[in-house]
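Protein chains: 6
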Amino acid sequence: MKIKVINPNTTWTMTEKIGAAARAVAAPGTEIVAVSPSMGPVSIEGFYDEAFAAIGVIDEVRKGEAEGCDGYVIACFGDPGLAAAREIARGPVVGIAEAAMHAASLIGNGFTIVSMLERSRATMEHLVHAYGMTHKCRNIRMTDLPVLELEEEGSNAQAIIIEECRRALTEDHADSVLLGCGGMSDLMALITREIGAPAIDGVSSGVKLVEALVSLGLGTSKRQGYAKPIAKPYTGQFAPFAPVA
Amino acid sequence: MKIKVINPNTTWTMTEKIGAAARAVAAPGTEIVAVSPSMGPVSIEGFYDEAFAAIGVIDEVRKGEAEGCDGYVIACFGDPGLAAAREIARGPVVGIAEAAMHAASLIGNGFTIVSMLERSRATMEHLVHAYGMTHKCRNIRMTDLPVLELEEEGSNAQAIIIEECRRALTEDHADSVLLGCGGMSDLMALITREIGAPAIDGVSSGVKLVEALVSLGLGTSKRQGYAKPIAKPYTGQFAPFAPVA
Amino acid sequence: MKIKVINPNTTWTMTEKIGAAARAVAAPGTEIVAVSPSMGPVSIEGFYDEAFAAIGVIDEVRKGEAEGCDGYVIACFGDPGLAAAREIARGPVVGIAEAAMHAASLIGNGFTIVSMLERSRATMEHLVHAYGMTHKCRNIRMTDLPVLELEEEGSNAQAIIIEECRRALTEDHADSVLLGCGGMSDLMALITREIGAPAIDGVSSGVKLVEALVSLGLGTSKRQGYAKPIAKPYTGQFAPFAPVA
Amino acid sequence: MKIKVINPNTTWTMTEKIGAAARAVAAPGTEIVAVSPSMGPVSIEGFYDEAFAAIGVIDEVRKGEAEGCDGYVIACFGDPGLAAAREIARGPVVGIAEAAMHAASLIGNGFTIVSMLERSRATMEHLVHAYGMTHKCRNIRMTDLPVLELEEEGSNAQAIIIEECRRALTEDHADSVLLGCGGMSDLMALITREIGAPAIDGVSSGVKLVEALVSLGLGTSKRQGYAKPIAKPYTGQFAPFAPVA
Amino acid sequence: MKIKVINPNTTWTMTEKIGAAARAVAAPGTEIVAVSPSMGPVSIEGFYDEAFAAIGVIDEVRKGEAEGCDGYVIACFGDPGLAAAREIARGPVVGIAEAAMHAASLIGNGFTIVSMLERSRATMEHLVHAYGMTHKCRNIRMTDLPVLELEEEGSNAQAIIIEECRRALTEDHADSVLLGCGGMSDLMALITREIGAPAIDGVSSGVKLVEALVSLGLGTSKRQGYAKPIAKPYTGQFAPFAPVA
Amino acid sequence: MKIKVINPNTTWTMTEKIGAAARAVAAPGTEIVAVSPSMGPVSIEGFYDEAFAAIGVIDEVRKGEAEGCDGYVIACFGDPGLAAAREIARGPVVGIAEAAMHAASLIGNGFTIVSMLERSRATMEHLVHAYGMTHKCRNIRMTDLPVLELEEEGSNAQAIIIEECRRALTEDHADSVLLGCGGMSDLMALITREIGAPAIDGVSSGVKLVEALVSLGLGTSKRQGYAKPIAKPYTGQFAPFAPVA
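Chains as they are written, first to last, in my numbering: chain V, 1 to 245; chain A, 1001 to 1245; chain X, 2001 to 2245; chain Z, 3001 to 3245; chain G, 4001 to 4245; chain D, 5001 to 5245.
Check before you lean on any hint, since a few could be wrong.
What the hints assert, rightly or not - Straight-line distance between alpha carbons at most 16 Å, and here's what the computed EDC-like set of lysine to aspartate or glutamate pairs gives:
id: 1; chain 1: V; residue 1: Lys222; chain 2: A; residue 2: Glu1118
id: 2; chain 1: G; residue 1: Lys4232; chain 2: D; residue 2: Glu5149
id: 3; chain 1: G; residue 1: Lys4222; chain 2: Z; residue 2: Glu3194
id: 4; chain 1: X; residue 1: Lys2232; chain 2: Z; residue 2: Glu3149
id: 5; chain 1: D; residue 1: Lys5228; chain 2: D; residue 2: Glu5194
id: 6; chain 1: A; residue 1: Lys1063; chain 2: A; residue 2: Glu1118
id: 7; chain 1: A; residue 1: Lys1222; chain 2: V; residue 2: Glu118
id: 8; chain 1: X; residue 1: Lys2222; chain 2: Z; residue 2: Glu3118
id: 9; chain 1: V; residue 1: Lys228; chain 2: V; residue 2: Glu31
id: 10; chain 1: V; residue 1: Lys222; chain 2: D; residue 2: Glu5031
id: 11; chain 1: D; residue 1: Lys5222; chain 2: V; residue 2: Glu118
id: 12; chain 1: A; residue 1: Lys1232; chain 2: V; residue 2: Glu149
id: 13; chain 1: V; residue 1: Lys2; chain 2: V; residue 2: Glu31
id: 14; chain 1: X; residue 1: Lys2222; chain 2: A; residue 2: Glu1067
id: 15; chain 1: D; residue 1: Lys5222; chain 2: G; residue 2: Glu4118
id: 16; chain 1: Z; residue 1: Lys3222; chain 2: G; residue 2: Glu4194
id: 17; chain 1: D; residue 1: Lys5232; chain 2: G; residue 2: Glu4149
id: 18; chain 1: D; residue 1: Lys5228; chain 2: G; residue 2: Glu4118
id: 19; chain 1: Z; residue 1: Lys3228; chain 2: Z; residue 2: Glu3194
To be verified - Label-pair distances were calculated between CB atoms; the ranges are:
id: 20; chain 1: V; residue 1: Thr170; chain 2: D; residue 2: Lys5063; range: 32 to 42 Å
id: 21; chain 1: D; residue 1: Ala5245; chain 2: G; residue 2: Glu4065; range: 35 to 45 Å
id: 22; chain 1: D; residue 1: Ala5189; chain 2: V; residue 2: Pro28; range: 34 to 44 Å
id: 23; chain 1: D; residue 1: Gly5068; chain 2: V; residue 2: Pro28; range: 50 to 60 Å
id: 24; chain 1: A; residue 1: Trp1012; chain 2: V; residue 2: Glu149; range: 30 to 40 Å
These are computed hints drawn from the structure, not numbers from a lab. Since the structure is predicted, the reported quantities are computational estimates derived from the model, not experimental observations. Heads up, the beta-carbon is just placed ideally off N, CA and C, and yes, glycines get one too.
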């Protein structure tokens, strides 16, 4: 099975970290292809960044279909481009926010999301509501650290995140914590150990959920909303993306 | 006041129709600039089309800020690019699905959406949920007509739509009907007359809501989720879209 | 266009303030008629006051229909009499709580209401739920000031309110603040400036929404729940209010 | 114990029927006082009628407090004046829509409301939502019969209602039916027998719930939203209703 | 009327306290039978305990049907076995969490639950959601006291609980407090007096609600989900519980 | 990895079918142990059956912990005993209703459940609500076939089920169908082929989700609600089930 893990931003140090997290949990027969799009933002911190990242995600899924990919993980905690990607993928496509929330739902009663810049809170609130997780989400805690701080040597980002995760357990009565950024995907084991409760990484969760769906023979449903895009012309720089019959 | 009405698809016959609907309701001092992006799908029928349309919308809002636009209407019933556009606009940005739902909420107890291709039902369900309109939305009725059918001479699309609007009143107990496509923006008066109840067009509703907000001195809040995008590099073909400080 | 702005309480200093706020935003061709009912409570602080205020509102709408009013704003943050008023108005009727919540929804992700006496919290919770704004409302902050304190010279009510608005932004992560009382309608500009984020006044919002709806040709739907009251006898002191055919 | 059952309309044949239903279930020591207000609509079919009926209800509760009443039932399926009445009552106040929905929740999984004029559907939708009964309410079925039809000799209203109740069981999968009008309070036993499932009358349910609360020593909470109205002047014809300290 | 009050745990000192609370409010003609099952946990603190307690509850309801019981109260704040018990009871079955929440809904706008071990929070969150009380429940406050602490001489559990109830009023803006454990059923009067607001005990509430339903002729609906269990074999130690035709 | 798949009823022909479905999708290194409890109902059709089945499930999980099982699937579409089982399992426990709903959420916008006896509708409504899937569930279609009909030779149950699945797509606009009974676990491939859209079996979905969670190192969270049961005595026939420290 071939799963493409798409880091929707173009910071390859993060892509490598994400790829490593994916490979660490992949089943023996699973090939992980970890990529960043050839275009778009170096980090995703808001709806504007997400809109461009979505095109990059779509581009990688388009290529992935030609490359024989069986499924996809969108490795940014805003799940950019998820619905669009589902229209063009035969197999399943899972976002890491979605993956982490579903995983948390299966092992506990309520989770808290711990994430980065305050401004991204709105994205997460939107996803929690859209995924029907309102009564599962105890809190959203933003550390107000920039995403790329996680890539810095000598940063005390880890310590700040761990402290916030601890508060999630004691103050929010959460029984798990979601690591709300693709760049945290190397921290799952460490934080789980530090706080004594599950710290859930969406990247590894996403890989395992895609593996599960593919093994079940379940691809994205082609009835209704995720049917193949209708063939039509696209103009200008997006002409190459026009759906064909 | 200068309001840019953006038809997110690139079919200019529809853009002209939308522009005419906007101008028909605009206040004396309001200048309507009706445009289509220079790139993207000729019609929007699903999430994939929407993702590309969102970039076109963003591009027009970026230009609009330089052109001194005071507000924006996104004239596609899936409201593509709305959240991203809000980050870069000082003034208000309103989508036509959002505008129509808010207008309906102020004049009645429950609306039905009447729209085009069955596959777009998912988009509308998502918006109804996201906007908190679940208990206001009586039904979503898809005629399964393609969007561009509305641009065809001799089409019986109007008759089919009117019939569906009638059913909304009698079968769904709706007290208004939302015209679920920018391409229906010329039908508001006709259908209202035919069915004897408000048929609400989002384009004209959107123009009046933007005028209202601008007159109130209310632009998009720059606290939290719709703050100006953070300056950062974008790579590849999106480099020109990189936010600057 | 003629819009009647009804202050549901009988304190005319407040009515004048409300009228001024309305006129300050009204379009050139809009005539604002600001009134208080000839009967009812001097301030509205609870459900009991609201029940009587509702009759006053109805009385003013009845007269307004005879006077050729095109629309109405109910200028108390509990929106008393709103549904009843809609049955007898041809044009739109908007309450200021409703108006402020809709305006906030169009320019941000989440608002906090800042209002007066603690006891009115229940009214606001009820309205937030009824209007489908649960996931938009970050908090309701009651200052526990009496409504008429706002009419007092030398009161420090403004300072208290501004402080609470500031907390809404930092503690609730709200991106706008709703001024939860008709008597705050002169504070919109001041508070917006002080807190650096939109402080939304329902009176001015209501006027602009009514103008918008009237310009769209949208009156209250006469299908279903807001149809004209059925002609029937009323007994006792309410006989003059009996609906006629 | 003395319970005042208030028929909010002024049709005394209905008041007598309601009083009889109340007395039929009252405990030995319970005195039922069944009244109609001295003012207001002869029947309640919409929000406008309800606004006036609310004042009549309030008037009767005010008198009731002086008369030593221990609790109140508001015998109209729109529960007019309920919140206001709670502010002035020491004891409990229960509306019949509320009572019927709570009773149904305790004996089954889902109910359907069967009621009269189509235009009142909006009231019931509002109450179902406000009371948190959305997931318990299977359907609202309006027979489109006027309320006073139930008082007519030779009417086939009963047959129509019974037929609709039967459909509630088979088509809506309801396990109980709520009789959605005070004027149906004599039909509980008959319809239960005819359809072979509980047909719940709010009047008798309300009496028993009030008895239960009074026996528990539970009156309306005087903390927060239902505290005693604040003393203040009322002007005009409502001056006699002004709250006193 | 004969009401069986089932303490689902096997600690008879608690059963006696519960029985006393039930008898204290029962109507003259009501016989209270207070029992504990002959098997199961000595206290109920979590889902595992509840699963076994449910069988004990069922056993007591089965016997109760043979003994001519008219209704049942399940006297543990997790309402264990409620749905199953309803299938085999002709009369009504009410859980004390359910009873307390319904009672609170009829006398106020919002309640806080005050209960025992932190680990039981999940059960209460689940019930609040399942009963549609999300917008009525202001908070759930766990004192982290073990259930049997309430049975200890010299414990300061009462003082801790009262303090938490006070906070519910001032910090949560609740207007009533639910005593979230059958073992608190003797504290209703004391705490109500101490905090000056209703402290609602589910045991006494449950008895009065069952009395009310029985007096109304309302038993558990035998249509749909609570129909009599289908006759079928049960194997092993549960063979004696097999439903018969 | 060792996964125990528990058919909560005691009909071993169904257990074998379920075991086969589980093995068909299990990863190479996964050992499937398919069992039925030694006690309990032969089929599960209602809440009463579920209560007993829950004890059987618990018993098998208890044994499973001693046997070194890494995770569990509860193979009845009412997910009996799920929360209790989670308290005693170190690894993950997944119910098949839960598993099917989560899988459907990841590949489509809305599902319909197709299941057996009408009386079980209430269980499924409860689960949809409890799992936060209300806006994902398009409909619940009960065929009114008894569960064991699926084990009968020559039954036309399959044809009836397939027909209902087809209606789910065309009438409910579902994009997938959930097979609402463990006894349908052999029909996933057949029905998917017949209807041309995903027919999701919870047994195989559950196995893959448990495999995924175990591979991620995620067991049931032992913080809060699913912590290990507190050591305490159990009396009577349940004494052997008493939790120990």
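Requested in this report: Just tell me: holds or violated, for the beta carbon distance of D/Ala5189 and V/Pro28 against 34 to 44 Å?
Outcome: violated, 25 Å
Query raised in the report: When you check the alpha-carbon spacing of G/Lys4232 and D/Glu5149, does it fall within 16 Å?
Result: holds, 14 Å
Query raised in the report: Can the restraint linking X/Lys2232 and Z/Glu3149 be considered satisfied, given a maximum Cα separation of 16 Å?
Result: Holds, at about 14 Å.
Query raised in the report: Regarding the pair D/Lys5222 and V/Glu118, is the alpha-carbon distance no greater than 16 Å?
Result: Violated, at roughly 30 Å.
Query raised in the report: Straight-line Cα separation of G/Lys4222 and Z/Glu3194 no greater than 16 Å?
Result: holds, 15 Å
Requested in this report: Using the beta carbons of V/Thr170 and D/Lys5063, state whether their distance is inside 32 to 42 Å or not.
Outcome: holds, 35 Å
Query raised in the report: D/Lys5232 and G/Glu4149: Cα distance at most 16 Å?
Result: holds, 14 Å
Query raised in the report: Do the alpha carbons of Z/Lys3228 and Z/Glu3194 lie within 16 Å of each other, as the hint requires?
Result: violated, 45 Å
Requested in this report: Go ahead and decide if the range 35 to 45 Å is satisfied by the Cβ distance of D/Ala5245 to G/Glu4065.
Outcome: Holds - the Cβ-Cβ distance for D/Ala5245 and G/Glu4065, about 38 Å, lies within 35 to 45 Å.
Query raised in the report: When you check the alpha-carbon spacing of V/Lys228 and V/Glu31, does it fall within 16 Å?
Result: violated, 25 Å
Query raised in the report: Between D/Lys5222 and G/Glu4118, is the straight-line Cα distance small enough, at 16 Å or below?
Result: holds, 13 Å
Query raised in the report: Does V/Glu31 lie within 16 Å of V/Lys2 when you go C-alpha to C-alpha?
Result: holds, 5 Å
In terms of the numbered hints stated before, the structure departs from hints 5, 6, 9, 10, 11, 14, 19, 22, 23 and 24, listed from lowest to highest.
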